[in-house]
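The task is simple: from the sequences and hints, build the whole structure.
What follows is each chain in one-letter form.
Number of protein chains: 2
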Amino acid sequence: MGFENEKNSSILSKLATNEEHGENSPYFDGWKAYDNDPFHPLKNPNGVIQMGLAENQLCFDLIEEWIKRNPNASICTTEGIKSFRAIANFQDYHGLPEFRSAIAKFMEKTRGGRVTFDPERVVMAGGATGANETIIFCLADTGDAFLVPSPYYPAFNRDLRWRTGVQLIPIPCDSSNNFQITTKAVREAYENAQKSNIKVKGLILTNPSNPLGTTLDRDTLKNLLTFTNQHNIHLVCDEIYAATVFNTPQFVSIAEILDDETSHCNKDLVHIVYSLSKDMGLPGFRVGIVYSFNDAVVNCARKMSSFGLVSTQTQYLLAEMLSDERFVSNFLTESSKRLAKRHKHFTNGLEEVGIKCLRSNAGLFCWMDLRPLLKESTFDSEMSLWRVIINDVKLNVSPGSSFDCQEPGFFRVCFANMDDETVDIALARIRSFVGVKKSGDESTPILMEKKQQWKKNNLRLSFSKRMYDESVNLSPLSSPIPHSPLVRART
Amino acid sequence: MGFENEKNSSILSKLATNEEHGENSPYFDGWKAYDNDPFHPLKNPNGVIQMGLAENQLCFDLIEEWIKRNPNASICTTEGIKSFRAIANFQDYHGLPEFRSAIAKFMEKTRGGRVTFDPERVVMAGGATGANETIIFCLADTGDAFLVPSPYYPAFNRDLRWRTGVQLIPIPCDSSNNFQITTKAVREAYENAQKSNIKVKGLILTNPSNPLGTTLDRDTLKNLLTFTNQHNIHLVCDEIYAATVFNTPQFVSIAEILDDETSHCNKDLVHIVYSLSKDMGLPGFRVGIVYSFNDAVVNCARKMSSFGLVSTQTQYLLAEMLSDERFVSNFLTESSKRLAKRHKHFTNGLEEVGIKCLRSNAGLFCWMDLRPLLKESTFDSEMSLWRVIINDVKLNVSPGSSFDCQEPGFFRVCFANMDDETVDIALARIRSFVGVKKSGDESTPILMEKKQQWKKNNLRLSFSKRMYDESVNLSPLSSPIPHSPLVRART
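Those protein sequences? They're chains A and C, same order as listed.
Each step along the first sequence adds one to the number in my numbering, with nothing skipped, and position 468 is 483.
Each step along the second sequence adds one to the number in my numbering, with nothing skipped, and position 171 is 186.
Keep in mind the hints are simulated off the structure, nothing from the lab.
One should not assume that every hint holds.
Put simply, identical chains are the same to the list, so a pair is met inside one copy or across any two.
Here are the simulated lysine-lysine pairs, DSSO-like style, with alpha carbons at most 30 Å apart [to be verified]:
| # | residue 1 | residue 2 |
| --- | --- | --- |
| 1 | Lys214 | Lys29 |
| 2 | Lys124 | Lys237 |
| 3 | Lys356 | Lys282 |
| 4 | Lys83 | Lys97 |
| 5 | Lys47 | Lys97 |
| 6 | Lys210 | Lys282 |
| 7 | Lys29 | Lys210 |
| 8 | Lys22 | Lys210 |
| 9 | Lys120 | Lys97 |
| 10 | Lys47 | Lys120 |
Structure representation (structure tokens):
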């Protein structure tokens with residue numbers, strides 16, 4: 016293998032041999048553990064439940080209903096086949112005009128109709144993954160840096176960094192202020208980079224936040240816009256979870272702030288990344304959008320579109336679907352309601368056993384505080400606990416360290432990629448794990464006592480058959496090519 | 016505008032400001048001329064006929080028939096909707112297993128069943144555009160170089176070079192040996208690069224050739240494989256026109272040569288780029304494939320798939336369609352027949368007026384020899400002639416210079432992206448242009464005499480109302496963002 020690597024490093028690119036793709040993370044190892052032993056209510060009821068995947072599966076019935084009612088929206092139906100040849104042949108990298116208009120309208124709706132988007136600025140990319148890479152290719156050169164509040168989405172290390180050669184500089188956020196981004200922390204990160212002679216080209220915000228599930232308020236957005244403008248650096252807002260907001264405060268898009276601040280703001284420095292993977296739950300369709308307020312960036316990103324155009328079959332379908340205003344309004348309202356319900360049910364279940372989550376109003380996940388379960392406040396302990404949760408509790412959750420969280424003991428747990436029954440099985444497993452003592456009608460969490468006992472005995476709570484530090488079982492698959500754990504393009 | 020550029024160059028990347036995207040070419044200007052005044056038999060009978068677009072529109076009826084017979088193959092029909100949620104949600108970057116198997120089988124069929132392809136090595140990318148970039152990212156670093164026989168596909172300058180930062184070094188081929196690639200020319204290009212301290216990482220072959228429409232014979236392929244192996248550099252074979260071969264000699268894939276040479280060949284240096292845009296005529300669907308014999312490249316390219324996955328809606332449809340062996344066999348036979356017929360009709364029409372094309376057996380275009388029409392044997396004359404053809408003859412053909420052809424006077428003219436009637440109108444325009452003197456039943460080409468007259472009088476043959484050197488009319492569109500002429504992702 017050493018020889019193989021040496022041989023390849025002489026003939027392949029650095030990208031192919033330097034392992035900088037960001038997939039060497041427990042975030043992805045957890046998926047592999049799930050893939051090796053996936054839960055199924057009947058076929059594999061003791062399998063791993065996938066809670067590491069930020070998918071939105073709660074509203075497929077609405078989309079399916081719409082499709083059944085609109086056979087003309089597909090080029091592969093008797094009603095739609097007449098458009099087949101024109102659409103299958105269409106490869107203009109501007110995209111179908113109807114598609115761009117529909118996307119712009121959808122972006123308006125998901126931002127409460129408080130702001131308008133220009134279809135001429137809607138640029139296609141291969142999912143948010145492709146959109147994120149595209150915007151970086153447009154803004155920065157190899158070696159340049161972007162500031163990113165941490166914890167942040169693990170695959171940013173691939174999407175923003177891998178092929179572009181830029182650096183990501185974390186702006187550490189922690190539990191002391193509920194992981195809020197302060198201008199002070201941003202300034203410090205910026206100044207430290209300056210001192211190290213690193214050229215900072217911008218700030219990346221994920222709003223709503225993945226993994227926190229929180230939204231940025233108007234004042235924070237204004238302050239960060241002012242900061243980036245003052246330093247003549249870019250502000251890139253990843254708003255792919257815009258329509259997952261299920262509770263107050265409502266979502267505020269950077270586009271709204273720009274509308275307020277037009278007179279004294281350089282719009283050329285502001286860019287939005289969008290996608291339909293989360294808000295519509297259509298990750299397979301690979302719809303990524305770069306929306307820039309800078310003409311030159313729109314122009315350059317459009318040229319880069321060629322590397323990741325959306326299939327015209329898919330553009331055509333979505334153009335029809337998202338132009339149906341009644342459908343979209345109903346979908347957004349219903350999706351928000353269902354997410355709120357699921358979130359409440361899940362977090363209530365956790366609270367019953369004494370597990371707290373960061374208070375959130377958006378996203379497809381909770382930021383679960385398991386600090387009381389750590390043996391020590393270290394990342395080693397976090398990893399040990401994570402292995403127990405994967406191997407014994409059989410839940411694939413994602414440890415905070417994989418999000419570059421600077422404080423051990425937090426885990427992202429996804430709740431919208433499963434049905435009600437599976438959520439309840441997951442909650443039952445957690446309940447059993449932390450040990451609930453039932454007395455009459457009341458549930459008394461004994462999380463803290465359990466933890467003490469666990470520490471004293473160095474035992475795995477109620478799990479005794481397996482080794483405590485047993486590694487995740489990552490058996491090689493039969494393919495001649497090693498399968499990668501990062502099987503999903505984006506989560 | 017100067018100020019705008021200066022402002023942007025300080026805040027944007029070099030990619031966004033250095034104009035290295037390769038779109039500043041008459042190849043793309045011609046498309047713009049077409050877009051401004053597109054031919055339509057009824058609405059705009061004097062408009063520009065698009066002969067700059069290598070599209071395969073001859074067999075849509077077969078695909079449409081199949082789709083009508085197989086409603087279950089679409090997730091947007093009553094018959095297929097049950098698969099909607101699973102497919103819309105699927106984002107594994109390996110792709111649907113059925114899709115990869117179907118692609119591997121299709122690649123076998125298009126290579127006459129003489130070689131097998133392993134689905135585990137089929138890696139998705141965003142069209143051939145994305146596949147070409149992906150393979151370069153895997154093989155080479157910024158500053159490295161690839162040898163490319165010229166004339167070559169103009170957008171290689173974008174696809175292979177723009178974001179990867181590699182160089183392309185042309186291996187000049189010319190009419191003296193019918194544009195064949197000789198090992199001598201390859202060796203010279205390689206040695207010259209060595210002398211200039213340029214690190215050559217490989218050789219790119221487009222087989223069948225775009226723009227020549229010719230295929231490489233077995234001996235040439237063997238020699239080039241030996242050459243690249245001996246120098247420990249890569250051989251990348253772009254075989255996206257594999258199924259457009261319509262005449263003998265039959266197509267030989269590099270995969271067949273590898274089968275012959277297994278004992279003394281390093282397969283790790285060999286890679287194939289494939290696509291369904293030409294062979295199936297589905298450029299809108301953005302199916303690009305990297306097929307590498309090197310495990311590390313498969314592994315790395317797969318990770319890069321995330322930036323340009325094929326929509327699962329499209330994967331699902333094509334998995335079903337390409338698994339239908341009877342359909343595929345019939346499609347390939349019929350497509351080849353129709354291309355042969357069209358090619359014969361078109362080249363006969365040209366021959367009647369004394370225009371010769373390079374003898375070809377594949378592709379969706381001819382390599383038309385208009386050297387007799389040049390005022391002088393220079394590229395300036397080629398451009399002058401091209402402007403006449405665009406502006407007055409109203410045909411968008413592509414000048415050889417845009418393919419980096421080293422010899423002036425050749426033009427690529429596409430013949431498969433239109434119906435029979437449009438081909439005949441194009442031929443009539445050409446006939447009128449070169450001036451055919453009819454006498455009884457015989458057509459006597461007077462191309463040569465016309466040319467002499469044209470040179471003497473400095474006149475544009477039979478076109479007198481417009482300026483001879485009139486520029487292509489490229490009026491700006493109404494969008495706030497300048498539209499790019501490279502509207503197609505790949506041709």
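Evaluated hints:
1. Lys214 with Lys29: both (22 Å within a copy, 14 Å between copies)
2. Lys124 with Lys237: within (22 Å within a copy, 59 Å between copies)
3. Lys356 with Lys282: neither (38 Å within a copy, 56 Å between copies)
4. Lys83 with Lys97: Intra 18 Å, inter 11 Å, cutoff 30 Å: intra and inter.
5. Lys47 with Lys97: The answer is between: 27 Å across copies meets 30 Å, while 43 Å in one copy does not.
6. Lys210 with Lys282: Classified as within; 27 Å inside a copy, 48 Å across copies.
7. Lys29 with Lys210: For Lys29 and Lys210, the Cα distance is within 30 Å both inside one copy (28 Å) and across copies (24 Å).
8. Lys22 with Lys210: Classified as between; 25 Å across copies, 39 Å inside a copy.
9. Lys120 with Lys97: Both. Shortest intra-copy (26 Å) and inter-copy (29 Å) distances satisfy the 30 Å Cα cut-off.
10. Lys47 with Lys120: Answer is between: at 28 Å across copies they meet the 30 Å cutoff, but 38 Å inside does not.
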